[in-house]
Amino acid sequence: MTLLKLLFRNLRYFLKEHLLLSAGLLTSTAILSSALIIGDSVDYSLKRIASERLGETRHVLLAQERFFPSTLTRKIEKELKIPTTAVLLLEGTALNAGRTATELQLCGVDTDFWAFGKSKLSQPGNNEVIINEVLAESLNLQTGDEFLIRIPNPGFVTKNSTFVPDDENRIAVRMKVKAVAGPGGFGNFSLKSNQLTPQTVFFSLDVLSDLLFEGSFANLILIVENRYSTQELYQALQRSWSLEDINLSLRKLEKQAKTELISDRVFIEDTLLSILRETAFNPEPVLTYLVNGLVLGNKLTPYSFVSGLSDFPTEAPGAGEILLNTWLAEDLQAQIGDSIELEYFVPESFRKLNTARASFKVKDIIPLEGFARDSLLMPAFEGFSGVESCSDWETGIPVDYSSIRPKDELWWSEHGGTPKAFIAYETARSLWGQEYGNSTALRFGLEHAPQAIEQSILNQLHPASMGLNIRDVKQESNWSASNAVDFAQLFLGLSFFLILAALLLSALLFGMLLQQRNKEQGLYRSLGLNRNKIYGIFLSEALLNAFVSSLVGIFAGIGLSKLLLYFINSIWIDIVRTSSIGLFVHRSSLLTGFAANLLVAAAVLLILLKKHFGAAIAHLQKNKPDPGLQHNNGRAWLITAVCSGSLFLLLWLFSLLKDLYQNSLLHFVSGFLLLLSLNALFAYFLIKNRAKFFNGFSIGQLIANNLKYNYKQNISIAAILSIGLFIVLSTGAYRNDVGRDAANNSSGTGGYPFYVQNSLPLNLDLSSAEGRQKLGLQEDYPGLSLVQMLKLEGDDASCLNLNRISRPSILGVNPRIFIDREAFSFVKSRAKKGLNSWSLLSEPLGENFVPAVADQTVITWGLGKAVGDTLFYLNEKGDSIGLVLVAGLSSSVFQGNLLISEANFRQHFPSNSGSRIMLADVDKSKENELRDDLNNALRSYGVQVQDSARRLADFNSVTNTYLDIFLALGGIALILGTLGIAIVLIKSITARKYQFALMQAFGMRMSSIRRMLIYEYMFLILIGLMTGLLSSFATSAVSLLANPAQIPLDTIALILLLFLLNSFVWIYLATSLSLKKDLIRDLRNE
Amino acid sequence: MKAMNKKKNLLQVEHLSKSFGEQEVLKDLSFELEEGLSVSIEGPSGSGKSTFLNILGTLDLPDSGIVLFKGQNLALLSDSERSVFRNKHIGFVFQMHHLLPQCTVMENVLLPALGTSASKTDRATVQRAREILDSLGMTEHSHKFPAQLSGGECQRTAFARALINQPELILADEPTGSLDQESAEKLGNELIKLNRVFRTTLIVVTHSAALAQKMQKRYALKNKSLQSLNH
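Heads up: the sequence lines are chains P and Z, in that order.
Here the first sequence is numbered in my numbering, starting from 1 and rising by one per residue.
Here the second sequence is numbered in my numbering, starting from 10001 and rising by one per residue.
Hint data in this document are derived by calculation from the structure and do not stem from the laboratory.
Any given hint could be a false lead.
Unchecked claim - Pairs of lysine-lysine, DSBU-like flavour, derived with a Cα cap of 30 angstroms: (1) P/K993 x Z/K10088; (2) Z/K10186 x P/K519; (3) Z/K10120 x P/K993.
Unchecked claim - Facing chain P, from chain Z, some residues (calculated, C-beta under 10 angstroms): (4) L10076; (5) S10080; (6) S10083; (7) V10084; (8) R10086; (9) F10094; (10) M10106; (11) T10125.
To be verified - Restraint-style ranges between C-beta atoms, simulated for each label pair: (12) Z/A10209 x P/S540: 45 to 51 angstroms; (13) Z/S10150 x P/L606: 33 to 39 angstroms; (14) Z/A10209 x P/L606: 38 to 44 angstroms; (15) P/K519 x Z/G10021: 29 to 35 angstroms; (16) P/N1062 x Z/R10199: 52 to 58 angstroms; (17) Z/E10140 x P/L606: 36 to 42 angstroms; (18) P/I639 x Z/E10140: 31 to 37 angstroms; (19) Z/E10140 x P/K688: 19 to 25 angstroms; (20) Z/S10080 x P/K688: 56 to 62 angstroms; (21) Z/A10209 x P/G536: 45 to 51 angstroms.
No experiment lies behind these values; they were computed from the predicted model shown.
Think of the CB as a built atom: it goes at the ideal place given N, C-alpha and C, for glycine as much as any other residue.
Work out the full structure, taking the sequences as your base and the hints as a guide.
Rendered as structure tokens:
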């Protein structure tokens, strides 16, 4: 006989007990490991998705609201000597057999593109496209099918420009599917940091470009993996680009003896003027604008171009002065010194035109010659340029053709858009200047060679200031994926209480095993075995069990992870929104799970063992309890209860004072403290339970004695149950039914029943009857309110995106509408008391700093920021602007976006045109009608009319799914708890069978004994229930009382009922099975 | 035996037989016992002493024969009636005291009083428990737990527990078996004292001749039947 042999004999003899202990330890390891594996899997999957969507791309050159010739890519390639490829990236919609795909990514790609994704696909032909799997599934398309694609016609000139025609800004083409590209075929290409693959159509670049432009244009260049810094790439771009790449051209005007710089975008960016003003080229800016009318008394000359010049051969007009050509002077019968009025349109958002007036004093009347006869002063306004007759004008402004006289037609046929009047450039700029440019031409003296001017521009101009941004997308995506939602942490948090419950159960089982082996321990000691040796035997058994359990546990953890991932990819898909999260097991996670559990388990077992070994030898040998128990006054428990209770109160008050009662971490920490306090208090009362003056004995007292005798076991059971119940009830308390108050203006919907998104920008002002009519909406909607918003595309920072986002989409809103409506509510705000937080959006914060708001959840979780923090963006001019978070919205339909004022949006992103987001409200009785109407009217814009409450519910589904997981884990903890009760009950009955036999011998009926046991354990259940209930309510009290309607009383009642029933069944079964009818036989046999 | 008929019989056993499988333990055993007597039953291990005691205490049933308690045939009682019967009429003392470790001496003594229907003991029962404990010299230990008592004290508590319901018959199975000689002697005397003070009929199964000699009548269980040792 060796100690090792004895060890194995013991293990074999107590196999059942060791297996039970092992089950507890295995459960905790499995849960711990699976949490880490889930974390690894999500992390790995996000990185894989990021790699699939970018392929070999490292950097991109992305043009903001502009297009460059696709030949730029060859120039850069030549400069860098690394592969690059041009892409024309747009957003459109597609239709097939009644199905519509919105927010469709349209990519015009070159042959080189496919090599970036190591794809074997070949370029689609003229009438062909390649689509990705997501789109194929969405539209039910297969190779060879034909379908309709709607493409926006962006043009070079921003749609915000007053004179750009607003119709036909989209075209429809029917294309044949050449192939369906999967992830391996670069079908998942996307620049957005999101685990969701956008629906994509790949055109040949030339085909898509030909549909929209004359020539091949692109707005994106992919640059392959390289060692260049962004700065070096900008420098390379500056070395290789030409004026045409930024839509500029220089032309020599022989007649005028000038060199002129003009832009395909009509308006020339101010940056250029600023740069050139620093040089010796002495640019002369020109700003020509169409005025609706020039009025003198009752005389009116309609629709004439007026130029603002900085250089006049004659005496220049000052501010408030105007030069008229003779034709105009004659038409108006104007004299020098007369005051004439100019009437013109000033554009606002969504092509809303306000009429403005300005008065000028006629400084001079100039002959129709020289600069006054320069028809080239009129820029190439689309709809005017090259048009022979006024009646053929196709312009974005409403033209009153009836006011156009034959003499006006005659002027047009002879002189075209030659300006009829001239004012100072600075005056023109102040009247008609646009955020996207304040000149329609820059002119230079012929002494300056065009090449020199071009070189000077190209050398000094930073590409970003012309909207050409180079981004290290690989690094960005790696950062986003690496800083994504930490599922390991999340699942560890969610599983914490379950792990605790499993460890408690293990401790309980080990304690019982030790108790069962008291005699054995006493025997070893009486036989003279060294105390350390005996300790060694028991310790070896415990550690061996913990080691094997932890080892097997990690494999169980892999299995559990597979199961959890199956659920995550199916019924819990709301938290990841993709079914592509695959299992990935990192060795270090397995090792961590194994080591952490082994350590904790060993520590727990060691503590139990050490305490147990403190018992006197005589007591052990007789299997008597340590009489020390009778002297235990429970002070330690009382101290624990008071300390943890006080900590709970402090934390509770802190969360109340700091408005942190919605913080789930605080909730669970304070919940843990209260659970500890209440359970310790229960322990204290169990121990203190003793009648001081003996007045009799009762069944109740007997039950109390029984509970006290095994108080550690009983506390463990109550604690496990209270933990499980706490989780389940807290889950119920946090579950949010967003539909409940969706109609309120203060809710997350703002009281707007519809959230409308269109893939193609809508350049109509729907607040005006004219705009609505133009769109084709009915006119008679009572209570109609349509709030249009501008949108700058960015990443989705909502909880639907797992990646950490640094550049979310920006919405431009009119805060006044929300202030008047008292719409939405804020969780945090820097607004002074009494001031509506929306008004903060209009407050000036200094140059290049813009106030912004977002959902508080987006600020905290999506961005990892807080109110007061700043996010930096590059505006259209290439300047860095800081968006200062001034307030956090309570959960709203805007989740995922930053909101700034429309005015700030237009200032920094002036070329961004058309509304993409809209909130719609109408009288309740007309809601369905409006929904249908919007769907029909905006069909060609790729509209999605979403119920706001539904959208909010979608966001909430993420939270609710986490709560589902938590609920499931809480349920497992409850099962563990009731299982623990069943095991303890069976063990306890076995250990106490002589007691029961004796009671039977004394005449106690078996039914009475059974009833006594059921009462005893149901009391524990009730204690667990009360503790869990109290902890859950106390920790959620503030948030629940703030909104009592939110308390799901029915759910809670159902949970409690199920819990009690489940517990009763277990107890009844365990009691019935263990309490044999003939207990007396044991007594007889003795 | 006939000489004892002058007094009222508490127990009357007729033609009692009991086997465990193939093994016959008791065969055609007859026995009568007057109220208030103290009786010892001796015999070697495995002779059937405990089986006989269990049948008398309705913890076991005979294969054949009848046991009359004050003329009532115990075999005709149902399971629950037997429980009531035990609670009311019988007090048990076992070799192992089987005290509930979670209860004090007083609570252990009062345990049978909770018996079949009462959920709380009355004042009279508590008073009686005090008197019994007092008579056994256990008053000072009444609030102690079994773990705090000696073996003898535990067994005395078990006696007190057997007496609490004022049974007419106490069945003691090797009551001194787990005690040292001195304690056993002391406990034997107390048993006799209790028998006299409370006028309770006492049947003691024992190996101990010293204890047996203290009883008014001695029997030996030999060849599956009882033989009187009183000559």
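Hints and how they fare:
1. Between P/K993 and Z/K10088 the alpha-carbon distance is near 23 angstroms, which keeps this suggested pair within the 30 angstroms criterion.
2. Annotation: proposed proximity of Z/K10186 to P/K519 holds, straight-line Cα distance about 29 angstroms (limit 30 angstroms).
3. Between the alpha carbons of Z/K10120 and P/K993 the distance comes to roughly 23 angstroms, so the proposed pair stays at or under 30 angstroms and holds.
4. With a least beta-carbon distance of about 17 angstroms to chain P, the hint placing Z/L10076 at the interface is violated under the 10 angstroms criterion.
5. At its closest, the beta carbon of Z/S10080 sits 6 angstroms from a beta carbon of chain P; the interface hint therefore holds under the 10 angstroms criterion.
6. Because the closest C-beta pair between Z/S10083 and chain P is about 5 angstroms apart, less than 10 angstroms, the hint holds.
7. The criterion of a C-beta within 10 angstroms of any C-beta in chain P is met by Z/V10084, whose closest approach is roughly 6 angstroms, and the hint holds.
8. Given hint, Z/R10086 at the interface with chain P, holds; its Cβ is 4 angstroms from that chain's nearest Cβ, closer than 10 angstroms.
9. A cut of 10 angstroms between beta carbons decides the hint on Z/F10094: the least distance to chain P is about 7 angstroms, and the hint holds.
10. A hinted interface residue such as Z/M10106 counts as satisfied when its beta carbon comes closer than 10 angstroms to some beta carbon of chain P; here the least separation is about 6 angstroms, so the hint holds.
11. A distance limit of 10 angstroms between C-beta atoms decides the matter here; for Z/T10125 the minimum to chain P is near 7 angstroms, and the interface restraint holds.
12. The beta-carbon spacing between Z/A10209 and P/S540, approximately 49 angstroms, falls within the hinted interval of 45 to 51 angstroms.
13. In this structure, Z/S10150 and P/L606 meet the distance hint of 33 to 39 angstroms, their C-beta atoms being roughly 35 angstroms apart.
14. Between Z/A10209 and P/L606, the C-beta spacing of about 53 angstroms breaks the proposed range 38 to 44 angstroms.
15. Evaluation of the 29 to 35 angstroms hint for P/K519 and Z/G10021 yields a pass: the beta carbon distance comes to about 30 angstroms.
16. Here the CB-CB span from P/N1062 to Z/R10199 is close to 54 angstroms, well matched to the stated 52 to 58 angstroms.
17. A C-beta distance of roughly 41 angstroms is found between Z/E10140 and P/L606, which places it inside the suggested range of 36 to 42 angstroms.
18. Roughly 33 angstroms separates the CB atoms of P/I639 and Z/E10140, a value that falls within the hinted 31 to 37 angstroms.
19. Roughly 23 angstroms separates the CB atoms of Z/E10140 and P/K688, a value that falls within the hinted 19 to 25 angstroms.
20. A C-beta distance of roughly 37 angstroms is found between Z/S10080 and P/K688, which places it outside the suggested range of 56 to 62 angstroms.
21. Between Z/A10209 and P/G536 the beta carbons are some 47 angstroms apart, a value that agrees with the proposed interval 45 to 51 angstroms.
Of the hints listed earlier, those the structure fails to meet are numbers 4, 14 and 20, in rising order.
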